[in-house]
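Asker: Chain by chain, the residues:
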Amino acid sequence: MRKLIDKFVFTICSLSTVLVLSILALIIIYIFANGVLAINLDFFTKLPKPVGEDGGGMVNAIVGSIIMVTLAALISIPISIGAAIYLSEFGKGFLATIVRFLVDVLAGVPSIVIGIFVYTIVVLPMKRFSAIAGALALAIIMIPTVVRATEEALRLVPQTLREAALALGAPYWRVVLEIVVLSARSSIISGVLLAIARIAGETAPLLFTALGNRFLVTVLDRPMASLPVQIYSYAVSPYDDWHRQAWAATFSLVIFILLINLSVRFFFRTKE
Amino acid sequence: MENLQEATKTDNLILAPRKKRWLMSPSADKAFHTLTKSLALFLFTLVIALVASMIYNSRLSLSRFGLSFVFSSTWDPVKELFGALPFVYGTLVSSITALIIAIPISLGVAIFLTEECPYKLRPIVLTLVELLAAIPSVAYGLWGIFVLVPFMRNYINPVLEKGLGFLPLFKGPSYGIGLLTSGMILAVMIVPIITAISVNSLNSVLPSQREAALALGATRWEATQIVLLNARSGIIGGIILGLGRALGETMAVTMVIGNRPEISLSLLAPSYTMASVIANEFTEATYDLYLHALIEIAILLFIITFIVQAFAQLLIRQISKGKKS
Amino acid sequence: MRIIEADLNKLKEKINLMGILTQDAIEQVVKALVERNTELSENVITADDKIDVLENEIDKLATDVMVLRQPAAGDLRFTITCLHTAGIIERVADHAVNIAKHIRVINNEPPLKPYVDLPKMGTITREMFRDSLQALITGDVNLARLTIRRDDQVDDLFHLIYDELLEVMQKDPTTVKRGSELLFVIKHLERMADYATNICEMVIYMMEGKVIKHTQEAF
Amino acid sequence: MRIIEADLNKLKEKINLMGILTQDAIEQVVKALVERNTELSENVITADDKIDVLENEIDKLATDVMVLRQPAAGDLRFTITCLHTAGIIERVADHAVNIAKHIRVINNEPPLKPYVDLPKMGTITREMFRDSLQALITGDVNLARLTIRRDDQVDDLFHLIYDELLEVMQKDPTTVKRGSELLFVIKHLERMADYATNICEMVIYMMEGKVIKHTQEAF
Amino acid sequence: MLVKNRNMENTSLESKEVKEVKEVKESKENKEEAKNLKVEVEAENLNFFYGEKQALYSINLKIPEKSVTAFIGPSGCGKSTFLRTLNRMNDIIVSARVEGKILLNNQNIYAPNVDVVDLRRRVGMVFQKSTPFPKSIFDNIVYGIKINKLANSRTELQQMVEQALKQAALWDEVKDRLNDSALALSGGQQQRLCIARTLAVMPEVILMDEPCSALDPIATEKIEELIVELREKYTVIIVTHNMQQASRVSDYTAFFLLGQLIEFDETEKIFTYPKEKKTEDYITGRFG
Amino acid sequence: MLVKNRNMENTSLESKEVKEVKEVKESKENKEEAKNLKVEVEAENLNFFYGEKQALYSINLKIPEKSVTAFIGPSGCGKSTFLRTLNRMNDIIVSARVEGKILLNNQNIYAPNVDVVDLRRRVGMVFQKSTPFPKSIFDNIVYGIKINKLANSRTELQQMVEQALKQAALWDEVKDRLNDSALALSGGQQQRLCIARTLAVMPEVILMDEPCSALDPIATEKIEELIVELREKYTVIIVTHNMQQASRVSDYTAFFLLGQLIEFDETEKIFTYPKEKKTEDYITGRFG
Ligand SMILES: Nc1ncnc2c1ncn2[C@@H]1O[C@H](COP(=O)(O)OP(=O)(O)OP(=O)(O)O)[C@@H](O)[C@H]1O
Ligand SMILES: Nc1ncnc2c1ncn2[C@@H]1O[C@H](COP(=O)(O)OP(=O)(O)OP(=O)(O)O)[C@@H](O)[C@H]1O
Ligand SMILES: [Mg+2]
Ligand SMILES: [Mg+2]
Ligand SMILES: O=P([O-])([O-])[O-]
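Residue numbers (my numbering), protein chains in the order written: chain D, 1240 to 1511; chain H, 25 to 349; chain Z, 83 to 301; chain G, 83 to 301; chain C, 242 to 529; chain U, 242 to 529.
Rather than coming from a laboratory, the hints here were simulated on the basis of the structure.
Here chain H is said to cover these stretches of chain C; the calculated rule only asks that three of the stretch's residues, wherever they fall, bring their Cβ under 8 angstroms from a Cβ of chain H:
| hint | region |
| --- | --- |
| 1 | 327 to 339 |
| 2 | 374 to 388 |
| 3 | 431 to 445 |
Residues from chain G that keep clear of chain U, each with C-beta distances beyond 10 angstroms, as calculated:
| hint | residue |
| --- | --- |
| 4 | VAL116 |
| 5 | ASP130 |
| 6 | VAL187 |
| 7 | VAL198 |
| 8 | ARG231 |
| 9 | LEU242 |
| 10 | GLN252 |
Glycine included, every Cβ here is placed at the ideal spot set by N, Cα and C.
If we strip away everything but chain D, and leave its shape as in the complex, we get (with noise of 0.2 angstroms):
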């Protein structure tokens, strides 16, 4: 009897896995089955069709994205990195207890609503729609997942370490900078790329700070297309042409972060 349940219940599991195995076999191969079919060169390189007209590329959304994410990261990284060990390295009192809650709750808080914050701190002054506010909603999602992946990182430096670093003779600051950050520095920039991976994709705060554009833009204070916003307006748009594209468009990003992801499992984590 014993023996029996034991049996079951290791089937189910393993059942389990399957199915969820399969579901992502599914989904992958739907997005690089119609992905493939639908990419080109025009994808990359040219603009948005006009409503209605066929082809057409979404170089404006690669563009607007790569600018997007590349400043949120240039933003959010010195905070996070100088807040994480600000709660590491010193987080003994009660301001340390405070920001480590709050850094969950952020982490917690859905993008969405980041989004509207941006938007009632700059879009609501600026009175209009910009890169820089979907960027700085970029920012303050990726905020939390890095301060938490490195104050995580920093604390599982041995204690020890520190302290046989101080009594060779060095300071507090180059211990931590020159020690500490070292020896995690591949958990940290995992957690870094990681952080960069999900901002890529995520769509709904850019809704109402970047907002959208038919066409390449490189300065800041306009608003600016994104891959996944344009994913989206195509998805729920009722022609093939831009369901083609979304298809296309889905399945780039869907490499990128991929791509991110295996790296940096393959790259940091085994060597750990």
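Starting from the known structure of chain D, arrange chains H, Z, G, C and U with the ligands on it as the hints suggest.
Answerer: This is chains H, Z, G, C and U with the ligands only, laid out in the frame that chain D set:
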């Protein structure tokens, strides 16, 4: 070198250290402390600003409807009547549906991964499962629209209607879109979260716990129960995190839930969530009250996720405290 | 109970047993001498095997305790003391055996003269030995110090009897053989008393950690 | 280098030194006896202090090694051997001192007769002692076994001289005093040879882990 | 004081007591002779592989019942691996492969029809890091009894728990708080709890893999004393890195090197006169 | 064979060599007398608090230079705490508070104007778990030298690295792979690397907190031998749970109990004839 050793031995060195760069001095350490602290403070301000700014920008709606905003089920921008109840309902029901589907599957996968899976395959399977979480929600939405919705409409929902239609939960008619479909999409999205965290907590249980149970004559499943018992706090934390993610998920849900502000007991009926109403109507909000009402919904969403989050924190902390003492 | 405790108790039992057997041997040879009872002294010679076996056992046990139990402080000093004492007791028993061998010759010859001091010397020696062992087993440092002091009495008796014997032998050459044998007997008794003193010194080492051997310590 | 190594070397040095000093003492008393050189034998008495000090040092060192270094196997047996051997050597030196004391009396009297067997006994004893130490220091089991066998020679000589002396004393009562002293001298020499045998037994224990004391082992 | 504490004043030196003492001695010797016990665990030509890598090379060994055997040897020499072949705990390692036999009471535990679950009950195991289940003290002990259905009634169950805790010398310390979490115990107590839990399912052999290496010396001492007491009823096999510990608790010692059994003998022989040069080098620290 | 290995055949038994041997002996004794060394570290009435909780109670202690001192005592008695007051490592614990003085070469290190950073260079520290920085072997050693600007040229730097590694008996094992990651070394090598790193900044005192407790016996042995050698040049203070280790490596031993220093004396005295009953009870395992 010997000179140096000699020099450092002279006793007054402690009291009068060598002339040193500022960078080696205690004030450099102070400056460093201050810098990182101000960054932390910035995060603090950011969250405060988030709340404050949203409250300010929903003032019209807040003052106009007060508490009734939450309990009213009328959402009629034309008549300037705004009630959030359908969205709250849609959000909660779709998320809970997702949890009910995702929890057993996630645990099954986690147990398979930690107990059964050949060692070499483990990282591969785990990576694959986690990839599900990396796929952007808009991609899920796209897939949902073009694959899942037709599939549900043509195969699953008719069966449910026939078999379980006597329950209000599965009353027709069904269009493919609706609570159940979005719940399923959400389930797929949160399975990797719950699985990853569960696997993590299961793996952090010392192998000797399992071996200790085996050594007492336990079968493998009995030993696994002991492992699960050890990992329970992490697993619960993972489940709640999954819930948080489901509550706030916007794009995928927006694309498959049907976007109809009605409360229906049936899982097969179209519905609307807080996130999707904001996503759909924000840019269409033509007058300030409308806008403010949408922002108020954002506040509501924020509060709900905040409560879930805080609950998760408390729970995890309590369990880990009990473990320590 | 500490693991080492059982071993130390065993050691102590064995030392005690060895002491008792040896004490019996001393008593018997003295009696054999005084009462001219050769049979008694032959007993002592046969009984010695047991004592030898015990010495080996104690040696082995003490060595094992040293290496297997790593005693420290009091335990260590007790073990070391046992190791040394076993050797000493064995030698005392050897001396008793030697006396017994001399008795073979002596009791074959006519008695020299009634012994007066010799039994006395034997008694004191036996008592010293008994007391030294008592001091060891009970850790009684006072008894050990008292016993050490009694060694002088034995030495005095030795010289007394020695001179007396020489005199007898010089007077009557036919007594030379018996006399010489008796000379060895008293020498052996004197050595026994010395060894009792050594045991007492070990007791003081064991209890106080002080080495007083070869140091003219004023007690 | 293993930490214990330095201590073991030190122990060995000290044992060696103690052996050398004692060997000198034996040589000197034998010489003092044969050459009727009382001064030489007095040297031995004064020099004995050093040996006593060494014994205490070795005892302490060996005890410290036991408790502080926890020796095992060969190291252990070496340490135990040192502990035992130091005691034995000290006793040998004591016997030399005793001989020296007897020499005081003997050399004050006229010579008994030219010694023939006595120097021979002395030489063999000295050699046995030297060889036993050599065996100890170099771990030479064969030498140890050979040396143990030579003990019979000493025993034979002892009985030879003993009988001879008794005869002399019986013949001439005036020699009783010198004769008795000489009796003790040969007894002491005989004991020394026994002790050399004991050292050899320890060597065999040290090298082979076998206890052959009190066991009628056929070598 | 040392001596007085030992309650030995009664063994005075009077001769009339000689016989008594002799009897004591003889009874001890009888006991020592009785040590010619039957063989409980036996390895016959055992080879062990982790995938391609061979971890044990033709081990042959006979461990008598009711004795404590210590496995010593440098890190990675295969002590733990061998220990874990004795209750087939290595079965859960996928790549592991065993050749040869392990006989438990003359039964080959690697025979095809052996019930591994019951085998593991008969051969208990205690680990380096204590492994209390996150349950109450009481439930920890009860776990094994329940899954093996060893108790017929509530009272019997309670008796078994009490007895196990008493055997593990833990009863007095925990009897008033059996329902507290086991995790609230100190390290040494947790380890004794794990031993009690093992005893509760009535094993014949108890395997211990460095059971004290995570404990402070006082807790270690308690466990060591316990191990010595367990010898009365169980066959105990213990892996230890601490040679002094091996010397303190064990009757037999096995020395492993590079997957080979170099020497197996009575502990005192191993420590005073090992037969093999390699053993001597290891225990005198001449290694590497 | 034991004896023959020891290169002692040359000290034969010929009397003419007596003098030579005597000289050896005397030089040894001189050395022993020279042990009346000056006091390097001294605690004067030291009290230590973690917040409300007092962890050390008026410790008074004088540790001579160029010696090895071991701190022993049961878990939680304050050994580590005291060790860490000696280089003010406890400063980084927020709630910690010190009363009394620690004198290093007669200078109170808790005086207000003391440069803590430099103090810590002078009082090196080695930890239970080895703490190699995630850099190359070479860079690990270089770190402290660079920070303290102890080398004036590249060649000098290289010399210093070599010397430190040689002192730590690691040079031969790593000289061909100085640029490999330090994390690739074995546990024992990592620990010696940490010692080398500490030696490189030319400390006067070296503190070690259970430096071997994470190592296997062979690595432990190497570190112990190293510690004994370090005594020639440095004052070494070591916390250890292992009494045998204390006895092997140390000249002096301090026994702590419940935050109090119970006894401080030469190691052999502590182990053969401790003055205090509590010490005796602890080292003979009569505790608790
Ligand atoms: N699961 C495993 N897979 C592959 N090799 C293993 C596994 N477990 C152990 N080994 C290898 O088998 C050999 C023996 O390991 P084992 O754990 O038995 O050594 P040990 O003597 O117990 O060492 P330690 O004293 O460090 O515990 C080692 O070389 C080890 O690397
Ligand atoms: N950071 C800290 N905050 C509060 N109390 C502490 C802290 N560190 C140690 N203690 C307490 O101070 C006391 C002494 O601790 P310490 O670490 O010095 O003990 P120890 O003798 O080194 O023990 P161990 O042998 O376990 O390392 C203990 O009771 C401990 O609980
Ligand atoms: Mg192991
Ligand atoms: Mg500590
Ligand atoms: O036993 P001894 O011959 O040395 O008196």
